[in-house]
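Asks: Next come the chains, spelled out residue by residue.
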Amino acid sequence: MMDGLIHWIAMGGYARYVWLAYATFFAIFIAQVVHAKKQKKRLVNKLKHWIKSE
Amino acid sequence: MWRALSFLASPKHFYHKMQRWMPWTGGFAWVLLAVGTIWGLCFAPVDYQQGHAYRMIYIHVPAAMLSMMLYTLMGFLSVSLLIWRIKLAGVLLRATSSVGASMALLALITGSLWGKPMWGTWWIWDARLTSEFVLLLLYLAILVLQHSYQNQQAADHLIAILSLVGLIDLPIIHYSVYWWHTLHQGSSLIAFAKPSIHSSMLYPLLVMIGGFMMYAIFVILLKTQNLLLDREIGTQWVQNILDETP
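Which chain is which? The protein sequence lines are C and Z, in order.
The first sequence maps to residues 9 to 62 in the numbering used here.
The second sequence maps to residues 248 to 493 in the numbering used here.
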């Protein structure tokens with residue numbers, strides 16, 4: 009069981025390539041959503057402020 | 248098609264419709280991506296030649312496909328903007344370009360990570376790699392153009408023209424592996440043809456492609472909403488939304 013898990017994590021010697029690829033994939037995907045959601049929050053606050061000052 | 252175009256004509260209706268669709272597309276995207284990742288990493292069999300290294304296919308192929316599909320969509324949006332003068336097409340064009348750029352970047356990074364153990368190099372000026380790199384440059388040029396003009400409508404038109412010119416790169420990317428017999432392998436998935444990949448490896452790939460598509464739709468809608476709020480600030484419907492938002 010443990011050996012199988014270690015073998016799977018090692019990815020047959022390609023671990024650094026495979027895990028780095030998946031880490032990059034999730035980092036880009038999550039960052040894009042977080043950025044868009046934060047942008048919306050900032051935008052709504054900016055527009056509310058702008059309407060008040062009008 | 249005309250119904251779809253008329254739906255695009257009203258930013259207000261588009262915004263509200265998107266508001267209802269977004270939780271579904273977002274939720275569906277994350278579920279498909281999680282299932283596809285676990286299936287591809289844990290349950291898909293090991294390749295007899297490439298070993299576990301081939302598991303990068305589950306990110307690399309969907310990312311490369313989406314980078315091209317989104318650019319094709321941009322071509323359609325450019326025509327909608329330049330010929331039918333649909334203003335919303337300009338907004339969608341901007342939102343699509345940033346998602347497309349991230350897909351092209353991801354395809355190149357994962358391709359490089361896959362290329363090192365298989366080809367012995369991070370990068371080579373192979374026809375497929377070079378044409379995909381050109382696609383990334385086109386996306387970046389469009390992103391730069393978005394922030395270079397104060398007049399948003401003039402920028403939209405320039406982006407549309409650049410997108411149409413860049414369409415020439417898509418057939419080059421697709422057929423590069425057939426026109427020039429270089430290092431990059433041929434396509435494993437060809438429309439209307441039997442795939443050259445075993446079903447046990449194919450199904451998780453199809454799930455990932457579905458996940459990437461849903462994710463792209465979700466992020467494009469999210470970004471489109473932001474751009475619409477910014478552009479339509481003077482209208483009553485945006486003010487109502489701002490009043491309702493805590």
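Incorrect hints may appear among the rest.
Unchecked claim - Under the rule of at most 30 Å between Cα atoms (straight-line distance), these lysine-lysine pairs were calculated in the DSBU-like manner:
{"no.": "1", "chain 1": "Z", "residue 1": "Lys-264", "chain 2": "Z", "residue 2": "Lys-334"}
{"no.": "2", "chain 1": "Z", "residue 1": "Lys-363", "chain 2": "Z", "residue 2": "Lys-259"}
{"no.": "3", "chain 1": "Z", "residue 1": "Lys-441", "chain 2": "C", "residue 2": "Lys-54"}
{"no.": "4", "chain 1": "Z", "residue 1": "Lys-334", "chain 2": "C", "residue 2": "Lys-49"}
{"no.": "5", "chain 1": "Z", "residue 1": "Lys-264", "chain 2": "C", "residue 2": "Lys-46"}
{"no.": "6", "chain 1": "C", "residue 1": "Lys-60", "chain 2": "Z", "residue 2": "Lys-334"}
{"no.": "7", "chain 1": "C", "residue 1": "Lys-60", "chain 2": "C", "residue 2": "Lys-45"}
{"no.": "8", "chain 1": "C", "residue 1": "Lys-56", "chain 2": "Z", "residue 2": "Lys-441"}
{"no.": "9", "chain 1": "C", "residue 1": "Lys-45", "chain 2": "Z", "residue 2": "Lys-259"}
{"no.": "10", "chain 1": "C", "residue 1": "Lys-49", "chain 2": "Z", "residue 2": "Lys-264"}
{"no.": "11", "chain 1": "C", "residue 1": "Lys-48", "chain 2": "C", "residue 2": "Lys-60"}
{"no.": "12", "chain 1": "Z", "residue 1": "Lys-334", "chain 2": "C", "residue 2": "Lys-48"}
{"no.": "13", "chain 1": "C", "residue 1": "Lys-60", "chain 2": "Z", "residue 2": "Lys-259"}
{"no.": "14", "chain 1": "C", "residue 1": "Lys-45", "chain 2": "Z", "residue 2": "Lys-264"}
{"no.": "15", "chain 1": "C", "residue 1": "Lys-48", "chain 2": "Z", "residue 2": "Lys-264"}
{"no.": "16", "chain 1": "C", "residue 1": "Lys-46", "chain 2": "Z", "residue 2": "Lys-334"}
{"no.": "17", "chain 1": "C", "residue 1": "Lys-45", "chain 2": "C", "residue 2": "Lys-56"}
{"no.": "18", "chain 1": "C", "residue 1": "Lys-49", "chain 2": "Z", "residue 2": "Lys-259"}
{"no.": "19", "chain 1": "C", "residue 1": "Lys-54", "chain 2": "Z", "residue 2": "Lys-363"}
{"no.": "20", "chain 1": "Z", "residue 1": "Lys-264", "chain 2": "C", "residue 2": "Lys-54"}
{"no.": "21", "chain 1": "C", "residue 1": "Lys-45", "chain 2": "Z", "residue 2": "Lys-441"}
{"no.": "22", "chain 1": "Z", "residue 1": "Lys-259", "chain 2": "C", "residue 2": "Lys-48"}
{"no.": "23", "chain 1": "C", "residue 1": "Lys-46", "chain 2": "C", "residue 2": "Lys-56"}
{"no.": "24", "chain 1": "C", "residue 1": "Lys-60", "chain 2": "C", "residue 2": "Lys-46"}
{"no.": "25", "chain 1": "C", "residue 1": "Lys-49", "chain 2": "C", "residue 2": "Lys-60"}
{"no.": "26", "chain 1": "Z", "residue 1": "Lys-334", "chain 2": "C", "residue 2": "Lys-56"}
{"no.": "27", "chain 1": "C", "residue 1": "Lys-60", "chain 2": "Z", "residue 2": "Lys-264"}
{"no.": "28", "chain 1": "C", "residue 1": "Lys-56", "chain 2": "Z", "residue 2": "Lys-264"}
{"no.": "29", "chain 1": "Z", "residue 1": "Lys-259", "chain 2": "C", "residue 2": "Lys-46"}
Claimed, not checked - Now the in silico label distances, taken between C-beta atoms and shown as ranges:
{"no.": "30", "chain 1": "Z", "residue 1": "Leu-430", "chain 2": "C", "residue 2": "Gly-12", "range": "25 to 35 Å"}
{"no.": "31", "chain 1": "C", "residue 1": "Trp-16", "chain 2": "Z", "residue 2": "Gly-481", "range": "54 to 64 Å"}
{"no.": "32", "chain 1": "C", "residue 1": "Ala-39", "chain 2": "Z", "residue 2": "Val-326", "range": "42 to 52 Å"}
{"no.": "33", "chain 1": "Z", "residue 1": "Ser-446", "chain 2": "C", "residue 2": "Trp-16", "range": "27 to 37 Å"}
{"no.": "34", "chain 1": "C", "residue 1": "Ser-61", "chain 2": "Z", "residue 2": "Lys-264", "range": "56 to 66 Å"}
{"no.": "35", "chain 1": "Z", "residue 1": "Ile-408", "chain 2": "C", "residue 2": "Lys-48", "range": "46 to 56 Å"}
{"no.": "36", "chain 1": "C", "residue 1": "Gly-12", "chain 2": "Z", "residue 2": "Val-381", "range": "38 to 48 Å"}
{"no.": "37", "chain 1": "Z", "residue 1": "Val-326", "chain 2": "C", "residue 2": "Ile-36", "range": "22 to 32 Å"}
{"no.": "38", "chain 1": "C", "residue 1": "Trp-16", "chain 2": "Z", "residue 2": "Leu-409", "range": "39 to 49 Å"}
{"no.": "39", "chain 1": "Z", "residue 1": "Val-282", "chain 2": "C", "residue 2": "Gly-21", "range": "52 to 62 Å"}
{"no.": "40", "chain 1": "Z", "residue 1": "His-421", "chain 2": "C", "residue 2": "Met-10", "range": "43 to 53 Å"}
By construction, these hints were calculated from the structure, which means they are not laboratory data.
The beta carbon of each residue, even a glycine, is placed where N, CA and C say it ideally should be.
Asks: Next step is simple, just say for each hint if it's right about the structure.
Replies: Here is what the structure says about each hint:
1. This hinted pair checks out: Lys-264/Z and Lys-334/Z have alpha carbons roughly 17 Å apart, not beyond 30 Å.
2. A threshold of 30 Å between alpha carbons decides the hint, and for Lys-363/Z with Lys-259/Z the separation of about 49 Å lies outside it, so the pair is violated.
3. With a C-alpha separation of about 53 Å, the suggested pairing of Lys-441/Z with Lys-54/C is violated against the 30 Å cut-off.
4. Between the alpha carbons of Lys-334/Z and Lys-49/C the distance comes to roughly 24 Å, so the proposed pair stays at or under 30 Å and holds.
5. Restraint check for Lys-264/Z and Lys-46/C: the C-alpha separation of about 21 Å stays at or below 30 Å, so the hint holds.
6. In summary, the hint linking Lys-60/C to Lys-334/Z is supported, as the alpha carbons are separated by about 28 Å, within the 30 Å threshold.
7. Taken as a hint, the Lys-60/C and Lys-45/C pair is honoured in the structure, with Cα atoms around 23 Å apart against an allowance of 30 Å.
8. Only pairs whose Cα atoms come within 30 Å are accepted, and Lys-56/C paired with Lys-441/Z is rejected, the gap being roughly 55 Å.
9. The hinted pair formed by Lys-45/C and Lys-259/Z meets the criterion: a straight-line CA distance of about 20 Å does not exceed 30 Å.
10. Proximity of Lys-49/C to Lys-264/Z is assessed by CA-CA distance (about 20 Å); at most 30 Å being required, the pair is judged to hold.
11. Between Lys-48/C and Lys-60/C the CA atoms are separated by roughly 18 Å; this keeps the pair inside 30 Å, and the hint holds.
12. Straight-line distance between C-alpha atoms of Lys-334/Z and Lys-48/C comes to about 21 Å, which keeps the hinted pair within the 30 Å bound.
13. Between the alpha carbons of Lys-60/C and Lys-259/Z the distance comes to roughly 22 Å, so the proposed pair stays at or under 30 Å and holds.
14. Between the alpha carbons of Lys-45/C and Lys-264/Z the distance comes to roughly 18 Å, so the proposed pair stays at or under 30 Å and holds.
15. A threshold of 30 Å between alpha carbons decides the hint, and for Lys-48/C with Lys-264/Z the separation of about 17 Å falls inside it, so the pair holds.
16. Distance check on the hinted pair: Lys-46/C and Lys-334/Z sit about 25 Å apart at the alpha-carbon level, within 30 Å; holds.
17. Taking the CA atoms of Lys-45/C and Lys-56/C, the gap is near 17 Å; set against the 30 Å cutoff, the hint holds.
18. At most 30 Å may separate the alpha-carbon atoms for a hinted pair to count; Lys-49/C and Lys-259/Z meet this at roughly 19 Å.
19. Taking the CA atoms of Lys-54/C and Lys-363/Z, the gap is about 46 Å. The hint is violated against a cut of 30 Å.
20. Note on Lys-264/Z and Lys-54/C: the hinted pairing holds, with a Cα-Cα distance of about 24 Å set against a maximum of 30 Å.
21. A distance of roughly 41 Å separates the Cα atoms of Lys-45/C and Lys-441/Z; the hinted pair therefore is violated under the 30 Å criterion.
22. Distance restraint check for Lys-259/Z and Lys-48/C: the Cα-Cα separation of roughly 17 Å lies within the 30 Å cut-off, and the hinted pair is therefore satisfied.
23. As the CA atoms of Lys-46/C and Lys-56/C are separated by approximately 15 Å, the hinted pair is consistent with the 30 Å bound.
24. With a CA separation close to 21 Å, the supplied pair Lys-60/C and Lys-46/C stays within the 30 Å bound.
25. For the hint linking Lys-49/C to Lys-60/C, the alpha-carbon distance of about 17 Å falls within 30 Å, and the restraint holds.
26. Taken as a hint, the Lys-334/Z and Lys-56/C pair is honoured in the structure, with Cα atoms around 24 Å apart against an allowance of 30 Å.
27. A threshold of 30 Å between alpha carbons decides the hint, and for Lys-60/C with Lys-264/Z the separation of about 28 Å falls inside it, so the pair holds.
28. The straight-line distance between the Cα atoms of Lys-56/C and Lys-264/Z is roughly 23 Å, inside the 30 Å bound, and the hint therefore holds.
29. Simply put, Lys-259/Z and Lys-46/C have alpha-carbon atoms about 22 Å apart, close enough for the 30 Å limit, and the pair holds.
30. For the hinted restraint 25 to 35 Å between Leu-430/Z and Gly-12/C, the CB-CB distance of approximately 34 Å keeps it satisfied.
31. Checked against the hint of 54 to 64 Å, the pair Trp-16/C and Gly-481/Z passes, with Cβ atoms roughly 57 Å apart.
32. A hinted range of 42 to 52 Å is violated for the C-beta pair Ala-39/C and Val-326/Z, which are about 31 Å apart.
33. For Ser-446/Z and Trp-16/C, the hinted distance range of 27 to 37 Å is not satisfied, since their beta carbons lie about 22 Å from each other.
34. With their beta carbons about 31 Å apart, Ser-61/C and Lys-264/Z fall outside the hinted range of 56 to 66 Å.
35. Judged by the Cβ atoms, the range 46 to 56 Å given for Ile-408/Z and Lys-48/C is violated: they are separated by roughly 29 Å.
36. Range check, Gly-12/C to Val-381/Z: about 43 Å between beta-carbon atoms, so the 38 to 48 Å window is met.
37. Under the hint 22 to 32 Å, the C-beta atoms of Val-326/Z and Ile-36/C, about 29 Å apart, fit the expected range.
38. A hinted range of 39 to 49 Å for the beta carbons of Trp-16/C and Leu-409/Z is consistent with their spacing of about 45 Å.
39. A beta carbon spacing of about 27 Å between Val-282/Z and Gly-21/C contradicts the range 52 to 62 Å that was offered as a hint.
40. For the hinted restraint 43 to 53 Å between His-421/Z and Met-10/C, the CB-CB distance of approximately 45 Å keeps it satisfied.
When held up to the earlier numbered hints, the structure conflicts with 2, 3, 8, 19, 21, 32, 33, 34, 35, 39 and fits the remainder.
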